[in-house]
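Number of protein chains: 2
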Amino acid sequence: MTNVALLDDPQVLPFAPILWLAWADGDLSNDERALIADQLKDAPWLRPEARRRIGAWLDPSAPPSAVALAALRTLIEKARSSLGQSQRSSLLLLGQAMAGSGTTDESKRAATELIDLLGWGAKDAAAVPAFTAIEVPTAALQRALDGDRPEVRAQVRAFLDDPERRMYGLSKAEQRAKVRGWLKDLADSGLTKLSFPGVTSDTPDLRSFMTAFETLALGDLSLVVKAGVQLGLFGGSLYFLGTDRHRALLHDVASLKMLGCFAMSEVGHGSNVAELETVARYDHETRELVLHTPRESARKDWIGGAAVDARFATVFTQLEVDGQSHGVHAVLVRIRHDDGSPTRGIRLGDCGLKMGLNGVDNGRIWFDQVRVPVANLLDRFAQIDTDGRYQSPIESSSRRFFTMLGTLVGGRVSVGSAGVSVAKSALAIALRYSTERRQFGPEGGAEIPLLRYPTHQRRLLPALASTYVLSFAFERMRRHFAEVNTQPDADTRELEAEAAGLKAIATWHATRTVQLCREACGGQGYLAVNRFPDLRADSDVFSTFEGDNTVLLQLVGKSVISRFSKSLASGGVRAVLRMIGKLAAQQVLAKNPLEIRKDDPEHLRSRAFHLATLKYREESLVRTVALRMKKRLDAKMDPQEALLEIQEHLVAAAIAWVDHLVLRSFEEEVAKVSDPEAKRWLTRLGDLHALARVEETAAWYLEDGSFAPEKARGVRKEVQIAMRELAPAATGLVAAFGIPDACLSAPIAFFDPAHPP
Amino acid sequence: MTNVALLDDPQVLPFAPILWLAWADGDLSNDERALIADQLKDAPWLRPEARRRIGAWLDPSAPPSAVALAALRTLIEKARSSLGQSQRSSLLLLGQAMAGSGTTDESKRAATELIDLLGWGAKDAAAVPAFTAIEVPTAALQRALDGDRPEVRAQVRAFLDDPERRMYGLSKAEQRAKVRGWLKDLADSGLTKLSFPGVTSDTPDLRSFMTAFETLALGDLSLVVKAGVQLGLFGGSLYFLGTDRHRALLHDVASLKMLGCFAMSEVGHGSNVAELETVARYDHETRELVLHTPRESARKDWIGGAAVDARFATVFTQLEVDGQSHGVHAVLVRIRHDDGSPTRGIRLGDCGLKMGLNGVDNGRIWFDQVRVPVANLLDRFAQIDTDGRYQSPIESSSRRFFTMLGTLVGGRVSVGSAGVSVAKSALAIALRYSTERRQFGPEGGAEIPLLRYPTHQRRLLPALASTYVLSFAFERMRRHFAEVNTQPDADTRELEAEAAGLKAIATWHATRTVQLCREACGGQGYLAVNRFPDLRADSDVFSTFEGDNTVLLQLVGKSVISRFSKSLASGGVRAVLRMIGKLAAQQVLAKNPLEIRKDDPEHLRSRAFHLATLKYREESLVRTVALRMKKRLDAKMDPQEALLEIQEHLVAAAIAWVDHLVLRSFEEEVAKVSDPEAKRWLTRLGDLHALARVEETAAWYLEDGSFAPEKARGVRKEVQIAMRELAPAATGLVAAFGIPDACLSAPIAFFDPAHPP
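Quick note, the sequences are listed as chains A and B, same order.
In this text, residue positions in the first sequence follow our numbering: the first is 5, and each later residue adds one.
In this text, residue positions in the second sequence follow our numbering: the first is 5, and each later residue adds one.
Incorrect hints may appear among the rest.
Which copy is meant is left open, so a pair is good if it fits within one copy or across any two.
Quick list of in silico lysine to aspartate or glutamate cross-link-like pairs, DMTMM-like style, CA-CA up to 20 Å [stated by the list, open to error]: (1) K635 with D12; (2) K683 with E672; (3) K640 with D12; (4) K188 with D493; (5) K45 with D389; (6) K635 with D120; (7) K188 with D165.
No lab work stands behind these hints, which were simulated from the structure alone.
Let the sequences and hints guide you as you build the complete structure.
Right under this line is the structure:
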């Protein structure tokens with residue numbers, strides 16, 4: 005007899021809500037089971053058949069199937085819709101409604117006692133069968149997510165928890181004014197000085213700085229970018245590329261006395277920074293640098309702050325000394341007087357309306373023989389001595405170029421983690437709405453919450469899991485970044501690849517997640533008041549700024565296949581060959597036929613399987629792309645052309661590498677979590693993330709022969725099970741993001757439309 | 005010796021540009037080959053070795069590999085960058101630059117003669133190796149795309165080709181005013197009357213009407229939706245649900261004398277229309293209907309036109325006659341006086357700022373015992389007779405409901421095809437930009453156009469191919485729709501499923517395509533002036549309005565697995581069982597081991613393979629989902645609950661069904677194209693679409709065992725080849741969309757940033 009049929013007994017029905025709740029979190033504890041069984045064992049009024057049926061529902065060796073549980077849930081929902089609002093929160097009345105005339109005094113008493121013994125109050129009953137049924141250790145999860153700088157997060161959250169920090173429907177000028185005001189508030193609150201390198205302390209606490217940035221991204225993103233330009237890019241350029249006389253200015257940067265911008269991009273050269281055309285010629289007679297825009301394609305473009313607010317700019321320019329070009333360098337230039345008028349030789353323009361981030365005044369800069377003292381050269385990595393000679397401790401101009409570009413690494417980590425914050429906001433709104441909003445339902449029954457629909461779970465829950473996992477990956481990234489940055493002369497190449505790869509994956513994740521969330525909220529998601537339009541539009545540029553994602557993944561790919569990208573770019577094949585030899589030796593993961601077919605849940609749910617699977621894909625793709633590269637170089641193909649031909653393969657290898665990195669990082673961080681309940685939920689989230697990722701790339705494993713069809717099927721099934729497990733905990737899991745209510749300012753996050761049930 | 009090495013001969017190099025151009029379209033004609041070979045056969049100055057090498061390049065049985073062609077292209081680009089602007093358009097000078105000192109008088113003369121004989125003028129040379137190299141029969145392709153109503157398209161294009169029809173950066177009020185003005189222009193131009201049912205002619209020319217709508221969607225989408233509400237939804241409701249006295253009003257609808265809206269959605273019931281709560285009670289004493297909003301969740305919401313402009317509304321409401329409810333019916337209600345003030349008992353609200361489409365005034369309506377004469381009941385499918393008795397020729401209330409909802413079918417076709425128009429605009433801008441904008445390039449060489457990057461091709465070209473294919477699928481859909489609608493009492497269920505499925509697939513395609521295009525244009529794509537922000541924001545709601553895509557796909561799935569969805573919804577299992585029997589009999593596509601491994605290009609490029617592959621997937625998914633449904637119904641599970649459990653599977657089956665439908669429709673339409681060159685390009689586009697779709701779902705075929713790994717690999721490789729073939733034709737292919745320049749008003753579509761090369 006199936007479990008479903010067990011419900012056909014009027015003596016069983018009064019206990020049905022209890023049976024459902026007992027299994028609701030997918031895990032009936034032994035104590036609960038024993039308690040229920042004991043209580044009913046000797047009940048004389050219970051027919052033996054009814055007792056047997058109840059016993060069957062409690063058998064831990066044969067738990068009810070998903071089909072049975074779903075059928076039970078339907079019965080409960082039907083009964084529930086027949087009750088008044090106040091009665092719905094009673095497990096007892098619910099059972100009676102289900103049993104109808106089958107209710108007896110004995111069954112009432114027995115059910116009452118059971119509910120009492122189990123310690124299930126009205127709260128639990130109200131939750132049958134809604135999705136708040138399962139409590140999660142929100143506080144412990146938030147502690148885990150907040151990582152090593154909870155005090156910084158608390159400060160930023162307090163700053164954000166103010167309804168005045170939200171805007172929409174304003175004109176460009178109004179938005180810019182708002183953001184200017186907020187930036188001032190941020191400085192007044194002391195947050196811009198908080199662990200700002202060179203200000204609060206001489207040893208920079210970059211980790212706190214980046215944590216603050218990530219947290220700030222729970223609020224308005226124009227403010228995030230505006231602050232990022234002023235402190236991270238402008239301030240960062242003085243700190244990382246300048247020397248003491250430049251670092252002395254950082255106090256004024258933090259206090260906003262000195263408003264700056266970061267003038268790198270040119271309209272003709274978005275991603276290809278090495279080809280910038282702006283020139284700074286050194287004039288030894290006056291000890292000045294003369295900056296010039298030689299043609300229109302060299303105009304500085306997209307420069308945040310340049311349209312209105314910035315008084316200073318760190319300008320990236322080709323440096324010419326004595327007629328010789330030394331590649332790209334950074335020079336500090338005053339572009340506006342205090343009254344806002346442009347300084348001599350400077351022309352400024354406005355980029356105009358953008359898809360989003362209109363609180364940031366992106367602008368254009370043209371230089372017409374602009375003269376600045378040579379002291380304005382940010383000269384940590386290259387100097388012009390008093391004799392007018394160019395000097396640099398880094399001989400290779402390409403190595404020097406990449407060292408300077410290192411300033412972008414911190415920005416990439418920050419933008420990537422801001423993407424994770426965006427995903428958190430979107431998921432919090434959508435999941436809160438989805439657990440309350442009901443549409444359609446069983447014939448004659450109440451409508452059911454959107455999140456009970458598998459297609460709805462599919463949209464939101466893997467995204468939730470990945471958001472958790474990425475959040476931890478960035479925590480590890482920040483730690484790693486801070487560690488490397490405090491070691492002088494550390495090799496930063498792996499760090500750069502990690503930052504670039506994480507940035508690409510996280511920002512695309514944000515774009516996809518906001519879109520899924522907006523669609524999951526239907527028309528409500530389309531209203532500006534519900535935040536998705538701005539979340540969507542503001543974060544969209546994340547995938548192309550601070551390095552276009554596709555370009556970044558090629559950098560990652562090159563770095564990964566050779567760990568020696570420079571020699572590869574200049575045609576050196578030896579590094580590639582060495583690498584291939586090493587990888588071939590690693591090819592020990594033979595396709596074990598047992599492993600290939602293994603599809604039991606225990607195996608599929610083990611982190612060892614997830615990690616090995618992602619690692620295997622990474623290594624295979626890296627090896628094969630390296631071999632293809634070698635073949636082309638052997639045929640004397642131009643290395644650039646060869647890279648072009650294998651580009652898709654290269655990007656796939658880079659993504660596989662990042663996938664593995666992300667899961668490893670997550671494991672590393674979660675290992676530190678002490679609360680066992682929190683850890684259990686994190687493990688489940690990690691499972692769903694890893695399984696969904698493997699499912700997404702199943703074609704690769706099947707084609708490779710490392711998965712038999714039954715294994716791919718097993719993975720798909722396990723993804724579905726993991727989603728079902730997480731759905732009832734969704735609102736608790738997003739609560740752990742610790743998003744201030746004022747940031748969550750979408751009315752639908754608090755469910756209105758229009759106040760049922 | 006490889007082809008690449010063949011280039012190492014200074015006597016070969018002067019002819020290299022000619023050799024490249026000869027192969028550039030992937031297809032060296034026999035005539036061209038013979039001509040070149042003849043011309044050089046007896047050249048006495050040519051060393052036998054050099055002659056042999058040239059001959060090897062021209063061997064049709066061993067065409068140059070992709071690697072060889074790419075290497076040649078690199079050499080050409082390098083030479084090209086050494087030439088001045090005016091010299092670059094000369095094939096001769098290009099060859100000389102490549103040969104350097106290897107150039108002789110003889111080689112010059114021979115090359116000159118060859119170029120002359122081949123009839124390749126400066127135009128071809130300028131195109132080496134840019135992407136305009138390959139000419140496509142744009143006019144013939146446009147004729148094919150324009151389908152059966154070219155004159156309608158021409159009229160709408162003329163209307164749109166006006167720079168005044170574009171806006172951005174305006175406030176909500178300004179946008180609404182603009183759109184109101186444009187709608188008036190549209191009426192003044194006679195376009196609103198054009199083939200408007202019941203106005204121009206009594207037999208409606210729905211095909212022209214829908215073609216006009218699709219073409220209008222090349223311009224501002226607020227105008228499209230505003231016109232769609234007035235003519236398609238409001239006018240359509242009078243035409244389809246009303247009788248003669250209502251149809252008499254259509255002249256005033258077309259002239260805009262009578263501005264209306266379509267009040268269906270309620271805030272509590274977005275997709276679940278059957279559960280609407282607004283009530284119209286029939287009062288026999290006064291022969292009036294009394295409309296009322298019983299609670300807040302019943303307020304009409306999202307109603308386009310309700311916030312400001314509409315004077316009338318078609319209101320969908322539960323009809324109560326003599327205390328008995330008869331389900332949802334439509335009633336014509338005046339909601340505003342001519343001066344714009346609400347009529348008695350009507351309260352109106354504004355939905356506020358939306359992500360996009362802010363030129364449409366979406367609003368809310370509440371009814372407080374609003375009385376209208378019974379004559380206002382749109383009574384084609386149900387009447388209240390003079391005795392106050394409810395009568396309907398359709399007995400089943402659910403059948404009646406779905407018949408009335410049939411009015412939405414036309415809207416779905418129109419929204420879906422508007423999505424295709426949006427994709428066309430986005431692709432036209434992005435592909436035009438990508439063929440001109442250059443970033444990075446070989447060491448020491450010129451930067452190369454974005455579209456030469458395989459990852460860039462991957463973003464844009466499958467989307468281009470699918471846009472073509474979908475465009476034809478909608479042409480067939482419109483024809484089919486018009487045919488069925490002119491047959492009285494035709495069975496419209498398959499038509500409804502087709503419309504719902506195409507709408508879902510096409511609008512998601514639009515969302516994805518605009519996003520890909522915006523990212524492919526980098527920062528430029530983020531500027532409002534370049535159109536992507538509005539294309540993105542305005543079209544985003546397409547996936548949730550006129551039926552949420554996921555909900556629609558479930559309807560499709562139910563319709564497909566049973567072709568009898570009503571009996572399924574009401575729990576009837578017999579239809580399902582019959583279906584399963586039928587499908588099992590069709591399971592003749594055995595997994596032939598030869599077929600499974602077949603991976604030769606000829607096979608992979610055959611439409612028979614594409615169609616059979618899509619069909620096989622469709623039938624397998626439909627069969628398995630039907631079996632799973634049966635299993636649950638056998639276990640006496642609630643049908644609604646059973647549908648919930650198999651929901652993901654059901655949606656997958658629906659998508660597979662639509663995939664097959666789309667390709668079949670494309671084939672049906674392309675078969676009518678007479679121009680052989682146009683047909684050749686359409687076939688290539690169809691190939692890329694089909695192969696990319698198969699590649700995307702490769703995991704399914706691999707898991708199913710119907711593809712061996714080598715076949716999946718073969719498909720992937722063929723996708724890449726198809727992309728390489730189409731890339732050089734991209735701008736010609738988007739030119740065939742016939743988008744007026746004023747609509748393409750993105751500056752980057754005409755390439756500026758900032759005027760290189």
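Broken hints, by number: Hints 4, 5, 6 not satisfied by this model.
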